[in-house]
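Q: Residue numbers for the sequence shown, in the numbering used here: 1 to 205.
Take the hints with a grain of salt, since some may be wrong.
[To be verified] No farther apart than 35 angstroms at their CA atoms in a straight line, the calculated lysine-lysine pairs in the DSBU-like style are these: (1) K120 - K144; (2) K172 - K10; (3) K81 - K175; (4) K73 - K10; (5) K10 - K81; (6) K10 - K175; (7) K175 - K73; (8) K144 - K81; (9) K81 - K172; (10) K73 - K172; (11) K81 - K120.
[Said to hold, decoys possible] So the derived label-pair ranges between C-beta atoms look like this: (12) N200 - L123: 25 to 35 angstroms; (13) D69 - T116: 43 to 53 angstroms; (14) T72 - L126: 32 to 42 angstroms.
Source of the hints: derived by calculation from the structure; they are not laboratory data. Owing to the predicted nature of the structure, the values given are computational and were not obtained by experimental measurement. Think of the CB as a built atom: it goes at the ideal place given N, C-alpha and C, for glycine as much as any other residue.
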Amino acid sequence: MEKIRLADTKPHFVILYGLRGIAAIMVLIFHIFEIHGFQDSIYIIGHGYLAVDFFFVLSGFVIGYAYDDRWTKMSFFSFIKRRIIRLQPMVILGTILGGILFYFGFSSVFPLIGETPVWKMLLYLLLGMLLIPVPPSMDIRGWKEMYTLDAPCWSPFFEYIANILYGLFIRKFTKTALFILVFLSGLATLYLSLTQGNVNGGWEF
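Can you build the whole structure from these sequences, using the hints too?
A: This is the structure in structure tokens:
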């Protein structure tokens with residue numbers, strides 16, 4: 001893969017920018033068709049949600065590439081601080097936009113709007129900005145999501161978990177341990193595919 005160097009950072013892989021853009025477009029097209037009520041059988045891109053899994057893989061590669069050789073000069077808390085600075089602004093912005101759209105939304109899309117007092121919506125706005133998930137019993141949008149005002153927050157939630165595990169343990173794994181981890185993850189994915197019929201999930205408990 002061709003590399004370019006930006007400022008004083010490590011060389012960047014040019015092709016990854018293109019792949020990231022293609023994956024983002026796939027997710028966008030998938031959700032456009034999903035929103036407009038097309039059935040799975042006639043989706044133009046029915047498995048577009050798998051591009052999110054690609055983002056996770058890409059993120060894991062980039063994190064390892066960027067930080068694996070920095071741990072002699074960087075603490076775990078310094079690493080987590082860098083990840084918060086990178087991820088949290090979009091979490092906060094997305095949640096605020098979600099709250100605004102919820103409050104001024106349509107009851108046909110969000111059936112529980114009329115039953116939700118403003119104080120409760122503001123509480124969930126705060127929980128969302130802090131990336132604290134809520135159980136189905138606390139759902140105010142009617143879609144059983146972990147983040148009832150900004151459903152895509154499930155993605156950075158799991159990315160934070162992966163970052164914490166990487167910073168504490170996985171960065172120290174041998175190649176054998178990494179192989180075992182990937183193998184077991186593959187078995188878990190296969191089991192989910194066979195029992196559920198797909199691997200489309202993650203945003204709800």
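Q: With reference to the structure, classify each hint as holding or not holding.
A: Evaluation of the provided hints:
1. K120 - K144: holds, 16 angstroms
2. K172 - K10: holds, 21 angstroms
3. K81 - K175: OK: K81 and K175 at ~27 angstroms, within 35 angstroms.
4. K73 - K10: holds, 16 angstroms
5. K10 - K81: Between K10 and K81 the Cα gap is close to 20 angstroms, so the pair holds against 35 angstroms.
6. K10 - K175: holds, 23 angstroms
7. K175 - K73: Distance of about 23 angstroms is within 35 angstroms: holds.
8. K144 - K81: holds, 30 angstroms
9. K81 - K172: Distance of about 20 angstroms is within 35 angstroms: holds.
10. K73 - K172: Distance of about 15 angstroms is within 35 angstroms: holds.
11. K81 - K120: holds, 30 angstroms
12. N200 - L123: 25 to 35 angstroms: For L123 against N200, whose Cβ atoms are near 29 angstroms apart, the range 25 to 35 angstroms holds.
13. D69 - T116: 43 to 53 angstroms: Given a distance of about 49 angstroms, which is inside 43 to 53 angstroms, the answer is holds.
14. T72 - L126: 32 to 42 angstroms: holds, 38 angstroms
In this structure, none of the earlier numbered hints is contradicted; all agree with it.
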